[in-house]
Structures are given as structure tokens and as C-alpha cells.
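Visitor: If you want the building blocks of each chain, they are given just below.
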Amino acid sequence: MTSGEQDNEDLALWQEKVSQTASADLSPNAGRPGAQADESSPLVPLLILRVGARFLALLAAAVREVVLKGFVTRVPLMPPHVLGVVLVRSRILPVISLEEMLGGSAPQNLAPTLPRLLIVETPEGELGIVADEVLGISEFRQSHLVDDKALPKAGGERPPWVSAELTWKDRLLCVLDVPQLLHTAAAKAGAAEARP
Amino acid sequence: MSSSQEKIIPLVRFHAGELELGFVAAAAERLYDVEPDCPHIAALLGLPGEAQAAEHRTVALYAYGKRTRILLNAPVRIKNLGVHDLLPTSGLVRRGLAGATLGFAREDQHIVLLLDVAWLVERAK
Numbered sequence: 001m002t003s004g005e006q007d008n009e010d011l012a013l014w015q016e017k018v019s020q021t022a023s024a025d026l027s028p029n030a031g032r033p034g035a036q037a038d039e040s041s042p043l044v045p046l047l048i049l050r051v052g053a054r055f056l057a058l059l060a061a062a063v064r065e066v067v068l069k070g071f072v073t074r075v076p077l078m079p080p081h082v083l084g085v086v087l088v089r090s091r092i093l094p095v096i097s098l099e100e101m102l103g104g105s106a107p108q109n110l111a112p113t114l115p116r117l118l119i120v121e122t123p124e125g126e127l128g129i130v131a132d133e134v135l136g137i138s139e140f141r142q143s144h145l146v147d148d149k150a151l152p153k154a155g156g157e158r159p160p161w162v163s164a165e166l167t168w169k170d171r172l173l174c175v176l177d178v179p180q181l182l183h184t185a186a187a188k189a190g191a192a193e194a195r196p
Numbered sequence: 001m002s003s004s005q006e007k008i009i010p011l012v013r014f015h016a017g018e019l020e021l022g023f024v025a026a027a028a029e030r031l032y033d034v035e036p037d038c039p040h041i042a043a044l045l046g047l048p049g050e051a052q053a054a055e056h057r058t059v060a061l062y063a064y065g066k067r068t069r070i071l072l073n074a075p076v077r078i079k080n081l082g083v084h085d086l087l088p089t090s091g092l093v094r095r096g097l098a099g100a101t102l103g104f105a106r107e108d109q110h111i112v113l114l115l116d117v118a119w120l121v122e123r124a125k
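Protein chains in written order, with my numbering: chain A, 1 to 196; chain B, 1 to 125.
Hints may contain errors.
In silico negatives: residues of chain B with every beta carbon more than 10 Å from chain A [unchecked claim]:
hint	residue
1	9
2	37
3	60
4	62
5	66
6	69
7	74
8	75
9	76
10	78
11	79
12	87
13	104
14	106
15	118
16	124
Pulled a few chain B residues facing chain A out of the computed Cβ check, cut under 7 Å [what the hints assert, rightly or not]:
hint	residue
17	43
18	45
19	84
20	89
21	90
22	92
23	93
24	100
25	111
Facing chain B, according to a computed beta carbon distance under 7 Å, are these residues of chain A, among others [unchecked claim]:
hint	residue
26	72
27	73
28	77
Keep in mind the hints are simulated off the structure, nothing from the lab.
The structure displayed is predicted, hence computed values, not measured ones.
We put the beta carbon where it would ideally sit given N, CA and C, even for glycine.
Isolated chain B (complex conformation) (with noise of 0.2 Å):
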């Protein structure tokens, strides 16, 4: 397979303090200012401290049916992920994996956690 023809998977692509996170930007509808009452990412994740951050966009979900908001620290960008750039897992460490995180990807020296949208909104709600 040549080069051009390799699959490539959007991803919205943003931080929670020193973690580099994503998740496919299929599952995200709108991208829009901050929005009162929705809850961050971080504390979806267990990570309250993480969410400080200059500035804060609002993403609308869907997934499997069910649509939430959530909060993610600015910026926020659309990178796209190569399937070269995914970071093959032992069984050891799916098995250890929370719901949260589906696999891993590299980009430059950063790992990226690539997050389940199915989870994420159903933490949400």
C-alpha cells in the first residue's frame, strides 16, 4: 500500500495538564465557546487538577445514540493519525486499560491516550 493510500483517522487532539489526549473527530458535532454547566474532561477522568487552563472550548458529542457536552482546555486541534502512528498494546496492558482509554499513538516524542467518546458521554450524562 502506498503512502497516499494509507488510513487516516481525524482526531480532535487537545491536553489535560501534561496529558496528550484525543479522540475521533467523527464523534464530535460542534466545537464552540465555552458553555456553563458542562463538565471538563478532566474530571471525567478522574484528573480535577488537570483542568486549569487559560482557556476553555465547549465540544458537543455523539455517540451510539447519545449526545453530550463537555469541556476540554484550549487550544484545541484536528490532527490527523496515521495508522503508523498507533503504539501496539501487549494483553497486559489492554487488561490493565480503565474504560476510558481505548490504545495509544505516537506523535513526536509524546504518547497520545486516544479516548472512548462511547465512554465519555455516558460519564457525562
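If we strip away everything but chain A, and leave its shape as in the complex, we get (with noise of 0.2 Å):
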């Protein structure tokens, strides 16, 4: 083989790696057989979120606003999940932890910041979520936010309000849904409620 060969080569193999590389950025099914980025798909912009060793995202068209986590006044006899309520613009909200629902996950090797409260809007009303950081609104094509549940997990069941997930900067990335989540805290509220 001549260094020119050589060179060709090795600048194949390059484009072929830089292909791989950022068809997995951003497809949640890389690996899986016939899986491809479908670039005739609509972007779709997500905000996302870190709770605790997490991260999160949720349609940014859904948050209405991003506030600093204040004064949460906790109302009496509600499961852990839910923490209280705020008063944010007037509004009384409920504030839900997302870390609680999902269950405890440290953060590791991850700077401290001060909490931010997602004021979300729901068909029901609005609803605040706590973040310990929001890491902006990236984009990913609509294709990629199917519901894709049918898909073995190797890490076991997931929770029923993440409707699917993706890779992001080589993070687990998965995406809320939130109607789903609502109906998860109220029956998990319900059932709090109905333990003596």
C-alpha cells in the first residue's frame, strides 16, 4: 500500500467515525438495526434539565417560565413527591420533585447550584418542577421522540412519564411526558392519601 493509499484510507475510516459519531449525538436507537436520522423529520425543541445525577428534558414549548426556586410552602398530608406549594405571579402551584418520583440519585463530580423551579403548563393547570440546573433548549428531530417503550431496556423498567430516550453530549437524555406525569403523582398522591 502506497502513503497515499494509506491516506485515503485513513481519511475513509475518519468520515466513517465522524458519521457514526453524530448519528449517535442524536439518535435515541443507535445500535439498533435500521435505525437511521431521519433528516426529513421537524426539529423539535426540548429543554433540558438536570435532577440530581439525571438528565431530564420536556418539550420547551410546555415551559412557561424558569424562576429561581424560592420559599416552597409544604402542605400538610401530601406524599413526599409533592412539596408544596409557591406563589409565583399570584398563582398558587403545585411544586412536584422529580427527584423523589425517580427515587434518590446522587450527584457525582457535579458542581452545586441553586435549584430552579420549571413553571410547566398542563391542560389541568400550571405545575412547577424543581431542577437543580437547566442546561438550555437543544433541538432533536421529531422522529427521535417517538414513543419507543416497546424497545428492550437493558437498565429494567422505566418510569411511565419518559416517553423515550436519547443520547445527548454522551448522556442518557430522557424526555417527560408530562400529561403522564401528572397522572402518576395524582395516583401516587391518591395512595399516600388512602394509607392510614
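Can you join these two chains into the complex? Each is in its own frame, and there are hints to help.
Guide: Below you can see the structure in the form of C-alpha cells.
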């Protein structure tokens, strides 16, 4: 093999590697047979947040505002995942802790940040979600946000309110299904209230 | 409607730890010194750690033909609640409320939890 042929082969390998990396960066189904990035699918903006050591995302259009988490008024006899209520612009909003719903996930090697409160709009009213950090908005292909619950999960069952899993900056990114999250939170609250 | 005609609801106002609480004063028959064997309101609300206070008061409550006595943290005050102090709640908040809390009111920078006396009486018995 001449040095020119070697260079061409290295270039081809490098291009293939770059192509694989780009695909893995966005595709939730990377490694799945037949999976291909659908470039014709529209881009959807997702707001990315960190809760403990987990990275989560939700439709940016559903987020009304992000404020610093202030004092949360506890409400007696509520389950642990409902932290209480806050007053935001004369509106009383319930505040939910995703960390409580997911189970504890102590952050490792992450800088401590001032917690944020995401005000999320739902058909039933507004809801506050506590996040340790808001990392901004990124666009993802809509075809990657389809519910792929049928796929086998290496890590066992995932919560029903996680509608899709993506790879973002070499991290697992769970996309939240807000209506399902509300449904689960209400069911957990009902179960807690029913307990003597 | 002029402000002088505004509906006013007298409230019994007190606290349990960091929580500002209140219920309608019309349901309170008497307020007097500590009486033994009365449950503390914090215990009824599932907040036993919030019962600590320098002094307690006993309040006799009456609702729907039933009476009970419970302990509150001093100081206990009567404050007037105006309609404009009530905070509107969405269906999402109302659905999540357990029986003890009827709603919320604003007092200065605080949120006051408005308690259901009938629930308290039933729970204390």
C-alpha cells in the first residue's frame, strides 16, 4: 500500500467515524438494526434539565418560565414527591420533586447550583418542577421522540412518564411525558392519602 | 362594591413551625390555657415536629354537631381575611389537596393554609 492509499483509507475511516458519532449524538436508537437518522423529520426544541445525576428534557413549548426556586410552602398530608405550593405572580402552583419520584440519585462530580423551578403548562393548570440545573434548549428530530417503550431496556423498567430516551453529549437524556407525569403524581398522591 | 362592603371572614391565625395556618373563627367556641390530653394540631396534620412552642393554647371547636378541643402554638390571633386575600387555585392544586386544607390566602409575603374545621374535629375525636 502506497502512502497515498494509506492516507485515503485513513480519511475514509475518519469520515465513517465522524458519521457514526454524529448519528449516535442525536439518535435514540443508535445501535438498533435499521436505525437511521430521518433528516426530513422536523426539529423539536427540548429544554434540558438536570435533576440529581439525571438529565431530563421536556418540550420547550410546555415550559412557561424558569425561576429560581424560592420558599416552598409545605402542605400537610401530601406525599413526599409533592413538595408543597409556591406563589408565582399571584398564582398558587403545586411543586413536584422529580428526584423523589425517580428515587434518590445523588449527584457525583457536579458543581452545586441554585435550584430552579420550571413552570410547566398542562391542560389541568400550571405545575412547578424542581431542577438542580437548566442546561438550555436543544433541537432534536421529532422522529427520535416517538415512544419506543416496546424496545427492551437494559436497565429494567423505566417510569411510564418517560416517553423517549435519547443520547445527548454522551449522556442518557430522558424525555418527560408531562400529562403522564401528572397522572402518575396524582396516583401516588391518592395512594399516600389512602394510607392510614 | 366599595371596600367597606367587602366580605370579611374572621380567621383564627396561628403557626405550626414554619407553616402559617388558619381556620374560620366562627367554629372556635373558646380559647383558653393548656388542657392536658388534647391532641396538638401539628400531630393531626402529620407534622409532629412542628408542635414545639414556648406556649400552647387550647381551642374548643364546633362543626356539624360535633365538638373537640385541640392545642395550638401560641400566639393565637384573630385576623380578618378579605376576599381579595384568597388565592385562586387551579384544578390541579385542588385535586392534590388532602382533606385538611381547603385553600390558601395571602398575608403579607406568606401563604396561609386555610384548614377545614370539620376535618380537624373528625380527626381529633
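Visitor: Would you mind marking each hint as holding or not holding in the structure?
Guide: Comparing the hints with the structure gives:
In this structure residue 9 of chain B is separated from chain A by more than 10 Å, as the shortest Cβ-Cβ distance comes to about 18 Å. No Cβ of chain A comes within 10 Å of the Cβ of residue 37 of chain B; the nearest lies about 22 Å off, and the non-interface call holds. For residue 60 of chain B, the condition that its CB be more than 10 Å from all CB atoms of chain A holds, with the nearest at approximately 22 Å. With a least CB separation of 22 Å from chain A, residue 62 of chain B remains clear of the 10 Å interface cut-off, as annotated.
Residue placement check: residue 66 of chain B keeps its beta carbon more than 10 Å from all beta carbons of chain A (closest about 20 Å). With a least beta-carbon separation of about 20 Å from chain A, residue 69 of chain B lies farther than 10 Å from that chain, consistent with its non-interface assignment. Chain A leaves residue 74 of chain B outside its interface by the beta-carbon criterion, the shortest separation being 20 Å against a cut-off of 10 Å. Distance check on residue 75 of chain B: its Cβ is at least 20 Å (rounded) from any Cβ of chain A, clearing the 10 Å threshold; non-interface status holds.
With a minimum CB-CB distance of about 18 Å to chain A, residue 76 of chain B clears the 10 Å threshold, and the non-interface call stands. Distance check on residue 78 of chain B: its Cβ is at least 22 Å (rounded) from any Cβ of chain A, clearing the 10 Å threshold; non-interface status holds. For residue 79 of chain B, the shortest C-beta to C-beta distance to chain A comes to about 17 Å, beyond the 10 Å cut-off, and the non-interface label holds. The non-interface label for residue 87 of chain B is inconsistent with chain A: the shortest C-beta to C-beta separation is roughly 5 Å, within 10 Å.
Some Cβ of chain A comes within 10 Å of the Cβ of residue 104 of chain B; the nearest lies about 5 Å off, and the non-interface call is violated. The beta carbon of residue 106 of chain B is not kept farther than 10 Å from every beta carbon of chain A, the shortest such distance being approximately 7 Å. Every CB of chain A lies more than 10 Å from the CB of residue 118 of chain B, the least distance being 15 Å, so the non-interface label holds. At the 10 Å boundary, the C-beta of residue 124 of chain B stays outside the reach of chain A, the nearest C-beta of that chain being 14 Å off.
Checking residue 43 of chain B against chain A: minimum C-beta separation of about 11 Å lies over 7 Å; hint violated. With a cut of 7 Å, the hint placing residue 45 of chain B at the interface with chain A holds, because the nearest CB-to-CB distance is about 4 Å. Given hint, residue 84 of chain B at the interface with chain A, is violated; its Cβ is 11 Å from that chain's nearest Cβ, farther than 7 Å. Annotation: interface hint on residue 89 of chain B holds; nearest CB of chain A at approximately 5 Å, less than 7 Å.
Residue-level restraint check for residue 90 of chain B holds (minimum Cβ-Cβ distance to chain A is 3 Å; threshold 7 Å). Proximity of residue 92 of chain B to chain A holds as hinted, the smallest CB-CB distance being about 4 Å (cut-off 7 Å). The interface hint given for residue 93 of chain B holds, since its Cβ lies 5 Å from the closest Cβ of chain A, which is under the 7 Å cut-off. Checking residue 100 of chain B against chain A by beta carbon gives a least distance of about 5 Å; that is within 7 Å, so the hint holds.
A distance limit of 7 Å between C-beta atoms decides the matter here; for residue 111 of chain B the minimum to chain A is near 4 Å, and the interface restraint holds. Below 7 Å, beta-carbon pairs count as interface contacts, and residue 72 of chain A has none with chain B, the closest being about 10 Å; its hint is therefore violated. With 7 Å as the threshold, the beta carbon of residue 73 of chain A comes within range of chain B, its nearest partner Cβ sitting at about 4 Å, so the hint holds. The interface hint given for residue 77 of chain A holds, since its Cβ lies 4 Å from the closest Cβ of chain B, which is under the 7 Å cut-off.
In this structure, the earlier hints numbered 12, 13, 14, 17, 19 and 26 are contradicted, and the remaining ones agree with it.
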